[in-house]
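> First to last, the sequence lines map onto chains A and B.
Numbering follows my numbering, with no gaps: position 235 of the first sequence is 235.
One rule links them: number in my numbering = place in the second sequence (from 1) + 1000.
Do not rely on the hints blindly, as some may be mistaken.
What the hints assert, rightly or not - No farther apart than 30 Å at their CA atoms in a straight line, the calculated lysine-lysine pairs in the DSS-like style are these:
#: 1; chain 1: A; residue 1: LYS237; chain 2: B; residue 2: LYS1280
#: 2; chain 1: B; residue 1: LYS1382; chain 2: B; residue 2: LYS1036
#: 3; chain 1: A; residue 1: LYS226; chain 2: B; residue 2: LYS1100
#: 4; chain 1: B; residue 1: LYS1153; chain 2: A; residue 2: LYS226
#: 5; chain 1: B; residue 1: LYS1280; chain 2: A; residue 2: LYS70
#: 6; chain 1: B; residue 1: LYS1019; chain 2: B; residue 2: LYS1444
Unchecked claim - Non-contacting residues of chain B with respect to chain A, defined by C-beta distances greater than 12 Å in every case (computed):
#: 7; residue: PRO1013
#: 8; residue: PRO1186
#: 9; residue: GLU1388
Said to hold, decoys possible - Part of the chain A face toward chain B, derived, beta carbon under 7 Å:
#: 10; residue: GLY80
#: 11; residue: ARG149
#: 12; residue: LEU200
#: 13; residue: VAL241
#: 14; residue: LEU242
Keep in mind the hints are simulated off the structure, nothing from the lab.
Since the model is a prediction, treat every value here as computed from it, not as a measurement.
We put the CB at the ideal spot given by N, CA and C, even for glycine.
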Amino acid sequence: MAEVRPTSLLEVQEAVRLHPRLRPKGAGTKPALSAPREGEVVLDLSGLRGLLQYEPEEFVFTAYAGTPVKEVEEVLRAHGQYLPFHPPLAGRGATLGGTVAAGLSGPMRERFGGLRDFLLGVRFVDGEGRVVRGGGQVVKNAAGFPFHRLMVGSLGAFGVMVELSFKVFPSPRATQTLRLTYGNLAEALAAMERLRVLPLDLLALDLIPPATLEIRLGGFPESLGKRLKRLQEILQKEGEVLAEDEAHWEGVRNLRFLEEAPIWVKVPSTPAWVPKLEDLPLGPRRYLAGGELLYAGMEAKGLASLRQAGIPHLVLKGAGDALFPHPPEAFFRQLKLALDPRSRFPLG
Amino acid sequence: MGFLEELRALFPPGRLLSKGAELAPYESDALTAYRKRPLAVVLPERKEEVVEAVRLCYRHGVPFVARGSGTSLSGGSLPVEGGLVIALNRMNRILRLDPKAKIAVVEPGVVNLEVSRQAAPFGLYYAPDPSSQPISTIGGNVAFNSGGAHCLKYGMTAGHVLALEVVTPTGEVVRLGGESLEGVGPDLHGFFVGTEGLLGVTLEITLRLLPRPEAYHTLLAAYGSLEAAGNAVSQVIRSGLLPGAMEIMDRLAIEAAEAAVKAGYPPAEALLIVELEGPKEEVEEEAKLLAQVIEESGALEVRIAQSEAERQAIWKGRKAAFSAVGRLSPDYIVQDGVVPRSRLGEALKEIGRLSQEYGLRVANVFHAGDGNLHPLVLYDGKKPRELERAEELAGEILRLCVRLGGSLTGEHGIGVEKKAYMPEMFAPEDLLAMERVKEALDPKGLANRGKVLPEGVVDPCLEGAHG
Chain A
1 MAEVRPTSLL
11 EVQEAVRLHP
21 RLRPKGAGTK
31 PALSAPREGE
41 VVLDLSGLRG
51 LLQYEPEEFV
61 FTAYAGTPVK
71 EVEEVLRAHG
81 QYLPFHPPLA
91 GRGATLGGTV
101 AAGLSGPMRE
111 RFGGLRDFLL
121 GVRFVDGEGR
131 VVRGGGQVVK
141 NAAGFPFHRL
151 MVGSLGAFGV
161 MVELSFKVFP
171 SPRATQTLRL
181 TYGNLAEALA
191 AMERLRVLPL
201 DLLALDLIPP
211 ATLEIRLGGF
221 PESLGKRLKR
231 LQEILQKEGE
241 VLAEDEAHWE
251 GVRNLRFLEE
261 APIWVKVPST
271 PAWVPKLEDL
281 PLGPRRYLAG
291 GELLYAGMEA
301 KGLASLRQAG
311 IPHLVLKGAG
321 DALFPHPPEA
331 FFRQLKLALD
341 PRSRFPLG
Chain B
1001 MGFLEELRAL
1011 FPPGRLLSKG
1021 AELAPYESDA
1031 LTAYRKRPLA
1041 VVLPERKEEV
1051 VEAVRLCYRH
1061 GVPFVARGSG
1071 TSLSGGSLPV
1081 EGGLVIALNR
1091 MNRILRLDPK
1101 AKIAVVEPGV
1111 VNLEVSRQAA
1121 PFGLYYAPDP
1131 SSQPISTIGG
1141 NVAFNSGGAH
1151 CLKYGMTAGH
1161 VLALEVVTPT
1171 GEVVRLGGES
1181 LEGVGPDLHG
1191 FFVGTEGLLG
1201 VTLEITLRLL
1211 PRPEAYHTLL
1221 AAYGSLEAAG
1231 NAVSQVIRSG
1241 LLPGAMEIMD
1251 RLAIEAAEAA
1261 VKAGYPPAEA
1271 LLIVELEGPK
1281 EEVEEEAKLL
1291 AQVIEESGAL
1301 EVRIAQSEAE
1311 RQAIWKGRKA
1321 AFSAVGRLSP
1331 DYIVQDGVVP
1341 RSRLGEALKE
1351 IGRLSQEYGL
1361 RVANVFHAGD
1371 GNLHPLVLYD
1381 GKKPRELERA
1391 EELAGEILRL
1401 CVRLGGSLTG
1411 EHGIGVEKKA
1421 YMPEMFAPED
1431 LLAMERVKEA
1441 LDPKGLANRG
1451 KVLPEGVVDP
1461 CLEGAHG
């Protein structure tokens, strides 16, 4: 299989100009997205790694797209900061570029928002080999077309990301997790829907079918106990308290619960859609962020049922077309033509 | 049939304006230094009418500008001479407010504050709060990716838009995004936000709502210098706190605000407002740490709002500062460049020096939490060449922001006002990419023509090829 591994911006430009069809790849943690199709050359970006700029006081860093999320998080942690959207698969080696291209957020997106809320800027190579910058390196910026937001979930359709800038936040000083099991899905859903609209600043609010809720709190150690007690009062349920919960949530964000499933899928959801999704033959699964995001494992019939029901989804691992449905032609097509006129990149 | 006749067939009398006196109010927006006479103004009440108007423009090659309340400070809704203005204020219905789903589906002419007002009974609100929020419309907020005082913690408009229905400049109607906070495929609605109406007109917008914070802790600290206030912001950040808002006003801005609304501010060289928000137990703990940080920062006086009324009084002065500066000077230009937070001190010192050099007063009000400056350059338009000098000074400030690693605009947009400065921030290839996108979606160049993109960008590849 043909593969190129650039280690500089210039080499990325060269590769783009040289090869008619390219499939960008980071660490390959989402194989359905990075495996080459017929006639494609793999553009392995793992050689473009490292932090370019990080000033803790600015809450901003800039790094090469091939940088493993984990590497960045270690540096952030030394300064008491983190990426609040909690990029998934970090423990398996996921890179910043792959995370943006796939458009993935993890369980802690509940508190401050998802990937799209934290990406500030991008430098990418378009389909003609030109370097284009969008956004910037400050947390507030309204100048020019926001090409960085176009990259989120783009699967690399518009260009090869080379550098990315993100906003970060101070980490919660302490965390605790409350696990509650209900009699049935309807009861668990009702409790989750109630918590969604209360001003409780939950770090994570997950629903694990058939009827378990996992709620993560973060903040000052002095306030955590009181907040946990209030939560138990609101729900009129003691539940199980996990005080040392870091390892548990690392497992969740690394999608360990999907391990046994042959196909991994991301499904945008809402609490109202949960009962409908629960009627489909899906495998192991978990609804993150108050029911807004489903990661599910399944077999071929599960994927077929999603398609049949017309439910939008993205396949991360396993066979088939990764994206359903295709982006709306009237807007997507023109953008693709403007940035990748020769259709070198995916979603051609 | 000519363009105007076809328009007349679409819009009843009263909703199609074409006489001089009727057009006058639409000749400019909040950047009143610029005026352009449109051919006509239409006032659609339904999205089908907007779509028809855009299609008509496309067929006849007539440029159009969509606008809401016209609060753009960068001339973003300035008409094109001889073009059509599509005024969307009558499309002001909240079509659906679903508290369980935490979303509101609105028409573009809905006023920003109205969304929060309607959501309030459910304990929800719409977070982006530009200072113009009692007047500015969501459609305009979407076009400019509007901000406000809470962007550090909550982000800008783009993060709060979940879906858009848009009519492209060629008249195609397309839905981007969905009702979930998450999506799959390219974030096309996220990309549309902030493109200042160059890629189409929004017909319908789905917004995310947030639970209203349970508790606030609002602190006002007075300092002997602007630098000391700036340093205090850094100290707050270094302590690991994440306030909802941090605002600074300098002496001139304080005096103006006092004269206008009598907020009861202490006289000082600089005032810092810090607001914490969140669950009450958490805010209590944060407040203890904040008190310690502010004490160590050398504040001359510290006040803490003990009630909602006191909190509102603190904010009232800050929010009135812009209009209040009008009392100090017949005219002013407001800029909104951004600098990295750690370089605020440097930026303010340089602005002070430039103010001296140009012999024009500059009042400073800014969103210190996210480095968004609002220098108000005071001038008297009746004095010869003073406007030109004020514009030059404002331009110097913009260059300064870019030089320090920031941005030309934090929330007001590029519009017509700052497009000449785009090459200061973006390389020719960046600008070309924007032009190519514009051309692909708007081959006749009709939608908000003349905004954002500077004239005469040279293709560096072509230039290389020829020489």
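> Indicate, hint by hint, whether the structure satisfies it.
Going down the list of hints, with the structure as the test:
1. Taken as a hint, the LYS237/A and LYS1280/B pair is honoured in the structure, with Cα atoms around 21 Å apart against an allowance of 30 Å.
2. This hinted pair checks out: LYS1382/B and LYS1036/B have alpha carbons roughly 21 Å apart, not beyond 30 Å.
3. Pair hint LYS226/A plus LYS1100/B holds up; C-alpha atoms about 26 Å apart against a cutoff of 30 Å.
4. Of the pairs offered as hints, the one joining LYS1153/B and LYS226/A holds, with about 24 Å between alpha carbons and a cut-off of 30 Å not exceeded.
5. The hinted pair formed by LYS1280/B and LYS70/A fails the criterion: a straight-line CA distance of about 33 Å is larger than 30 Å.
6. A C-alpha spacing of about 27 Å is found between LYS1019/B and LYS1444/B, which places the hinted pair at or below 30 Å, so the restraint holds.
7. At roughly 33 Å from the closest C-beta of chain A, the C-beta of PRO1013/B stays outside 12 Å, upholding its exclusion from the interface.
8. Not every CB of chain A lies more than 12 Å from the CB of PRO1186/B, the least distance being 4 Å, so the non-interface label is violated.
9. Every C-beta of chain A lies more than 12 Å from that of GLU1388/B, the closest at about 24 Å, which supports listing it as non-interface.
10. Interface restraint check: GLY80/A against chain B, minimum CB-CB distance 6 Å, threshold 7 Å, status holds.
11. Restraint check, ARG149/A versus chain B: the minimum CB separation of about 4 Å is within 7 Å; hint holds.
12. At about 6 Å, the closest approach between the beta carbon of LEU200/A and any beta carbon in chain B falls short of 7 Å, and the interface hint on this residue holds.
13. The closest approach between the C-beta of VAL241/A and any C-beta of chain B is roughly 16 Å, which is over the 7 Å cut-off, so the hint fails.
14. Evaluation of the LEU242/A hint against chain B yields a violated restraint, the C-beta minimum of about 20 Å exceeding 7 Å.
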